[in-house]
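Protein chains: 2
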Amino acid sequence: MEVGEKLLIVVAYDISITTENGTKRLSKVAKICLKYGQRVQNSVYECNIDTLNYKKLRNELIDTIDCSYDSVRFYNLGKNYENKIIHFGSKTINNVDSPLIL
Amino acid sequence: MEVGEKLLIVVAYDISITTENGTKRLSKVAKICLKYGQRVQNSVYECNIDTLNYKKLRNELIDTIDCSYDSVRFYNLGKNYENKIIHFGSKTINNVDSPLIL
Chain P
1 MEVGEKLLIV VAYDISITTE NGTKRLSKVA KICLKYGQRV QNSVYECNID TLNYKKLRNE
61 LIDTIDCSYD SVRFYNLGKN YENKIIHFGS KTINNVDSPL IL
Chain U
1 MEVGEKLLIV VAYDISITTE NGTKRLSKVA KICLKYGQRV QNSVYECNID TLNYKKLRNE
61 LIDTIDCSYD SVRFYNLGKN YENKIIHFGS KTINNVDSPL IL
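In order, the protein sequence lines correspond to chains P and U. Heads up: the first sequence at position 74 corresponds to 74 in the UniProt record's numbering, and the numbers run straight through without jumps. Heads up: the second sequence at position 96 corresponds to 96 in the UniProt record's numbering, and the numbers run straight through without jumps.
Bound conformation, chain P alone (with noise of 0.2 Å):
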């Protein structure tokens, strides 16, 4: 990997509303993903960036979750990854700040 180089990481998360404050970490945590990437599906975003940034929206994300109650996870499909993501389906998503019956 040459430095500056760009990767294609995925965030998934599940973030406990039912718990205190879970509203405001959901909202804050889209809005860390959308920082350094888009939103394709209502908690998961596709980010491409290069490895410093991985690390900086790695320890963001890990500062705002509740660990006990909150999860987190990230894929690195690396450099080449247009041919390793097949969507299906309707694109549209919700609002990241209302909460959503899923």
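Rather than coming from a laboratory, the hints here were simulated on the basis of the structure. There may be inaccurate statements among the hints.
As the list claims (entries may be wrong) - Here are the simulated BS3-like pairs of lysine-lysine, each with C-alpha atoms no more than 30 Å apart in a straight line:
{"hint": "1", "chain 1": "P", "residue 1": "K24", "chain 2": "P", "residue 2": "K79"}
{"hint": "2", "chain 1": "U", "residue 1": "K35", "chain 2": "P", "residue 2": "K91"}
{"hint": "3", "chain 1": "P", "residue 1": "K79", "chain 2": "U", "residue 2": "K28"}
{"hint": "4", "chain 1": "U", "residue 1": "K79", "chain 2": "P", "residue 2": "K6"}
{"hint": "5", "chain 1": "U", "residue 1": "K84", "chain 2": "U", "residue 2": "K56"}
{"hint": "6", "chain 1": "U", "residue 1": "K91", "chain 2": "U", "residue 2": "K79"}
{"hint": "7", "chain 1": "P", "residue 1": "K35", "chain 2": "U", "residue 2": "K91"}
{"hint": "8", "chain 1": "P", "residue 1": "K79", "chain 2": "U", "residue 2": "K24"}
{"hint": "9", "chain 1": "P", "residue 1": "K35", "chain 2": "P", "residue 2": "K55"}
Claimed, not checked - Sample of chain U residues facing chain P (criterion: CB under 7 Å; computed from the structure):
{"hint": "10", "residue": "V10"}
{"hint": "11", "residue": "Y36"}
{"hint": "12", "residue": "G37"}
{"hint": "13", "residue": "Q38"}
{"hint": "14", "residue": "N42"}
{"hint": "15", "residue": "T64"}
{"hint": "16", "residue": "C67"}
{"hint": "17", "residue": "N80"}
On a predicted model such as this, the values are computed, not experimentally measured, just so you know. The C-beta atom is built at its ideal place from N, Cα and C for all residues, glycine as well.
Dock chain U against chain P, hints included.
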């Protein structure tokens, strides 16, 4: 890729349960994913399967979702995936069939 060699496929879905039969689709999609892999977040599964089963999984899900409202994304992490996945936080997952306030 040798025949039968296994890949790590991440499946992430958003099923719109506010539409007709949405809850039924949600439950069916979850059951299909459980046939092929393990649930790691409310609507994210990791499936360690060969290309033949990857195709079957895609076809079963496409036959189940309503493409106007639902979304399914597949991420192929390939054979050597261990260092491509990072997880922070809780591993507890809610019951797949009960509507989820997220």
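Indices of hints not satisfied (ascending): 1, 3, 8, 11, 12, 13, 15 and 17
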